[in-house]
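Chains as they are written, first to last, in the working numbering: chain A, 21 to 334; chain B, 23 to 546.
It is worth saying that the hints were derived from the structure and are not from the lab. Here the structure is a predicted model, which is why all the values come from computation and not from measurement. Incorrect hints may appear among the rest.
Claimed, not checked - DSS-like mimics (lysine-lysine), calculated; alpha carbons at most 25 Å apart, straight line: (1) K253(B) - K199(A); (2) K481(B) - K65(A); (3) K463(B) - K77(A); (4) K77(A) - K348(B); (5) K239(A) - K228(A); (6) K67(B) - K199(A); (7) K65(A) - K463(B); (8) K249(A) - K239(A); (9) K65(A) - K147(A); (10) K136(B) - K253(B); (11) K136(B) - K348(B); (12) K65(A) - K67(B); (13) K481(B) - K183(A); (14) K132(B) - K77(A); (15) K65(A) - K431(B).
To be verified - Covered, in the sense of this in silico footprint (three residues per stretch, anywhere, with C-beta under 8 Å from a C-beta of chain B), are these stretches of chain A: (16) 53-60; (17) 182-195.
Glycine is no exception: its CB is placed at the ideal position from the N, C-alpha and C atoms.
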Amino acid sequence: MERAGYCLKRILQMIPVLLIATILIFAMIRMIPGGDAAQVMLGDKATPEALAALRSKLGLDQPVTTQYLIFLKGLFKGDFGDSVQYNMPVSTLLANRFSVTLLLTLTSALLTVIISFPLGYLAAVRKGHLADITIRGYSLLSISLPSFWIALLLMLIFGVKLKIFPVSGWGDTWAQHIKSLFLPSLTQAVATSGILIRNLRNNVLDVKNKDYIDFAKSKGIQPVAVATKHVLRNALIPTTTLLSLKVASMLGGSVIIESVFTLPGMGALLVDAVLRRDYAVVQGVVLIFSLTVLIINLLTDLLYSWLDPRVALN
Amino acid sequence: MKKAKRWLATALVACMALGMAACGDNAETPASDGETSTSGGYADKIVIGRPMDSDNLDPVTAEGNQNIWMFELMMEGLVKTDDSGNDIEPCLADTWEISDDGTVYTFHLKDGVKFANGDEVTIEDWIWSLERARDTEESEWNFTGAPIADVAQGEDENTLVITLNAPCAAFLAYCSMFNMSVQEKSYFEELGEDAYTAAPMGTGAYMLSEWKQGESMTFVANPNYHGEAPKTSELDFVVVSDDSSRLMQLQAGEVDVMTYVPTSAVATIQADSNLTFLAPESTEVKYVMFNMRDDIMGNQAVRQALRYATDKQEIIDMVYDGNATKAVSFLAETSEYLDTSIEDVAYDVETAKSMLAEAGYPNGMDITLLYRSGDEAYEQIAVTLQSQWAKAGVNVTLDPEEKAVMTEKRNNGEYQACLWMWTDDVSDPSEFMDFFLDPSKTDGLHTGYNNATCTELEKAALVEGSVETRKELYAQVQETVFEETPLITLCYVPFTVATSVSVDGFVQTPLGIYRFENLTKTVG
Chain A
21 MERAGYCLKR ILQMIPVLLI ATILIFAMIR MIPGGDAAQV MLGDKATPEA
71 LAALRSKLGL DQPVTTQYLI FLKGLFKGDF GDSVQYNMPV STLLANRFSV
121 TLLLTLTSAL LTVIISFPLG YLAAVRKGHL ADITIRGYSL LSISLPSFWI
171 ALLLMLIFGV KLKIFPVSGW GDTWAQHIKS LFLPSLTQAV ATSGILIRNL
221 RNNVLDVKNK DYIDFAKSKG IQPVAVATKH VLRNALIPTT TLLSLKVASM
271 LGGSVIIESV FTLPGMGALL VDAVLRRDYA VVQGVVLIFS LTVLIINLLT
321 DLLYSWLDPR VALN
Chain B
23 MKKAKRWLAT ALVACMALGM AACGDNAETP ASDGETSTSG GYADKIVIGR
73 PMDSDNLDPV TAEGNQNIWM FELMMEGLVK TDDSGNDIEP CLADTWEISD
123 DGTVYTFHLK DGVKFANGDE VTIEDWIWSL ERARDTEESE WNFTGAPIAD
173 VAQGEDENTL VITLNAPCAA FLAYCSMFNM SVQEKSYFEE LGEDAYTAAP
223 MGTGAYMLSE WKQGESMTFV ANPNYHGEAP KTSELDFVVV SDDSSRLMQL
273 QAGEVDVMTY VPTSAVATIQ ADSNLTFLAP ESTEVKYVMF NMRDDIMGNQ
323 AVRQALRYAT DKQEIIDMVY DGNATKAVSF LAETSEYLDT SIEDVAYDVE
373 TAKSMLAEAG YPNGMDITLL YRSGDEAYEQ IAVTLQSQWA KAGVNVTLDP
423 EEKAVMTEKR NNGEYQACLW MWTDDVSDPS EFMDFFLDPS KTDGLHTGYN
473 NATCTELEKA ALVEGSVETR KELYAQVQET VFEETPLITL CYVPFTVATS
523 VSVDGFVQTP LGIYRFENLT KTVG
């Protein structure tokens with residue numbers, strides 16, 4: 021019950037945050053130099069008449085405050101406006117692409133866990149040995165290498181040389197989608213795992229030296245139980261919260277990954293829309309991203325309180 | 023205790039390894055899609071990789087090659103350009119007559135032509151299409167329809183009579199342009215103009231079968247086509263925005279053709295025995311333009327001096343690896359109106375320096391060079407020019423900007439020198455001439471160039487019927503422009519395409535039109 025009340029409170033708090041986000045993005049996209057969508061669409065051979073006609077058609081000649089009110093009104097009806105580039109409702113575009121980004125983020129998170137949790141634990145228990153040194157070296161590379169470089173390297177090895185996975189693209193069938201997701205997810209996982217490995221390693225080392233671990237051992241609790249119920253569970257708490265935050269930032273990373281791998285997700289849509297000054301699309305994508313981050317933060321807090329009963333929700 | 027810890031750690035790592043291996047086992051080598059079915063040794067489908075997706079397929083309102091090159095596969099007009107990009111050939115009109123005063127064109131249409139959906143093409147469709155081309159305000163191509171006063175049926179339902187306001191020498195060339203293609207009125211009205219941009223229809227050899235926004239666009243052979251079916255029945259244009267990724271897809275066999283090959287990749291492709299590099303001639307001319315309203319750049323002697331300081335051959339060698347030709351005048355290399363008598367100046371740094379000194383800049387000067395960022399060619403040209411002009415004492419500050427910002431700065435006159443280019447959409451110089459020399463259109467391609475004599479000459483050439491007279495008029499214009507140097511043309515650049523060795527028959531005309539009737543991919 022307390023949890024439910026807390027959730028409700030948090031959801032209500034999201035509304036003013038999202039509203040401020042809309043104002044910010046509405047203003048910011050219009051402050052970018054380089055003209056508006058009409059100028060971009062017509063390009064070089066634009067004559068003043070053609071520009072004026074297109075602007076009027078797109079409603080770009082109205083004052084900014086009017087445009088904002090139209091946008092807000094539409095939001096309450098679930099209407100994000102129309103994409104000037106694709107001539108279709110933004111909500112349709114978002115719906116098509118959201119699942120791609122969501123799948124990418126989930127598989128990236130999964131691979132990140134598979135890579136970083138065992139390696140982080142191993143590095144801690146084998147501290148000072150070769151395994152630890154190797155893992156920490158990998159960790160350093162992961163943090164320092166830019167993700168798009170990792171992407172190109174993986175494409176070259178697995179796509180061109182070994183031909184195990186498609187170089188890029190999304191495919192048509194579900195089987196192809198899964199295959200297409202592997203390299204992009206692996207790229208994000210490799211790029212994110214470094215910092216998680218370090219974090220988990222430090223936490224495990226920290227927890228191992230705590231009094232209650234000695235106490236548990238002296239009570240005669242089996243080593244496996246000590247390792248999982250006591251060491252890991254305590255060590256994982258801060259690491260899991262870090263993971264949640266990293267997952268939220270993976271949404272931002274999707275912009276690069278989706279562009280390099282040509283995945284039809286929201287990140288690629290955002291890049292394209294900014295370059296074409298497709299205001300409605302930018303606003304819609306940023307709004308969805310903001311909402312997703314807020315929800316992830318809420319889930320993180322709930323998860324944290326569940327993992328660690330000592331923490332109170334408020 | 024220690025044993026247990028070690029066991030746990032090993033077990034975790036083993037799980038991880040197993041997980042990875044499992045992923046690896048399930049994956050299989052992706053088969054190149056075109057190899058699934060064949061007919062006579064050729065693949066049924068060819069996959070073409072391009073960097074950008076289309077956004078609007080309506081030939082009247084769309085702009086940009088990412089759109090134009092696509093709907094040109096589907097649309098046909100009264101006439102078409104030949105593969106050289108220069109001459110006009112019959113297309114949906116078999117023959118035509120032009121009245122003596124040059125204002126009445128009578129076209130005799132091919133009989134029994136149908137749209138891709140099976141509907142017959144009617145005179146009403148023609149009238150509606152041409153009027154839409156002329157009257158759509160937000161279209162930048164309505165200059166092709168502007169000469170038209172009236173379109174009507176002639177003596178029978180296969181005769182179309184177009185009456186012009188005044189004689190127009192370029193009118194037949196205008197009729198070959200994509201926005202003057204025939205489209206179905208009822209189909210357009212049923213879909214509405216917004217939905218039409220995603221699903222247009224024409225009479226061409228191919229029709230659009232599927233468009234997955236941001237991913238791919240698929241064309242299939244038009245079952246109702248009046249001519250011979252193309253050799254490959256399905257074309258799949260996939261979007262691969264990253265250049266390296268697109269090249270890797272070609273190398274991996276995931277795409278059969280790669281368009282827009284960056285200059286840095288050419289050597290790799292030429293060295294690969296499984297790939298072929300093609301460089302079809304285009305009308306693209308790269309130039310550096312000057313802001314004539316600027317204090318420094320407004321000085322003709324300065325601009326002319328910079329021409330002496332420019333080593334065009336070095337740019338061709340360094341930026342294009344020799345795959346480009348020097349440009350002197352600004353018309354396309356393939357144009358029959360190109361004045362080849364103009365003599366370019368030799369690269370001569372000393373002359374440049376002395377000219378600058380005479381113009382009042384004995385110690386050189388500082389100027390900025392604006393260009394579009396993110397484009398390898400522009401970046402390299404900019405850097406090369408910077409080092410060349412430095413030898414003449416001109417210190418160039420590079421100003422790379424994102425395309426939209428660059429466009430705005432240039433159009434607002436916020437630059438001194440700027441790199442840009444032109445490509446023709448019509449096989450007639452009047453398009454370029456008018457956009458350039460009619461100040462009300464683009465203010466001299468945004469240079470601020472305004473020479474009343476040139477404007478008069480090009481307007482006269484617009485309506486002049488005799489090819490010889492037009493050549494003279496255009497020659498005068500080109501000589502004047504060369505002398506007054508609102509821009510310095512650098513080089514003609516070809517299209518760059520790479521294909522797998524099994525692909526044959528790739529044709530792209532200088533105007534950018536794909537002619538894929540004989541495009542094939544051999545299998546097995």
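These are the hints, each one checked on the structure:
1. K253(B) - K199(A): It is violated: about 32 Å lies between the C-alpha atoms, which goes past 25 Å.
2. K481(B) - K65(A): holds, 18 Å
3. K463(B) - K77(A): holds, 21 Å
4. K77(A) - K348(B): It is violated: about 43 Å lies between the C-alpha atoms, which goes past 25 Å.
5. K239(A) - K228(A): holds, 16 Å
6. K67(B) - K199(A): holds, 22 Å
7. K65(A) - K463(B): holds, 9 Å
8. K249(A) - K239(A): Holds. K249(A) to K239(A) sits at ~14 Å (cutoff 25 Å).
9. K65(A) - K147(A): violated, 66 Å
10. K136(B) - K253(B): holds, 20 Å
11. K136(B) - K348(B): violated, 45 Å
12. K65(A) - K67(B): Distance ~35 Å between K65(A) and K67(B) Cα, so the pair is violated.
13. K481(B) - K183(A): violated, 59 Å
14. K132(B) - K77(A): violated, 37 Å
15. K65(A) - K431(B): Between K65(A) and K431(B) the Cα gap is close to 15 Å, so the pair holds against 25 Å.
16. 53-60: Contact hint for the stretch 53-60 of chain A vs chain B: holds, 5 residues under 8 Å.
17. 182-195: holds (count 8)
Hint violations for this structure: numbers 1, 4, 9, 11, 12, 13, 14, all remaining hints satisfied.
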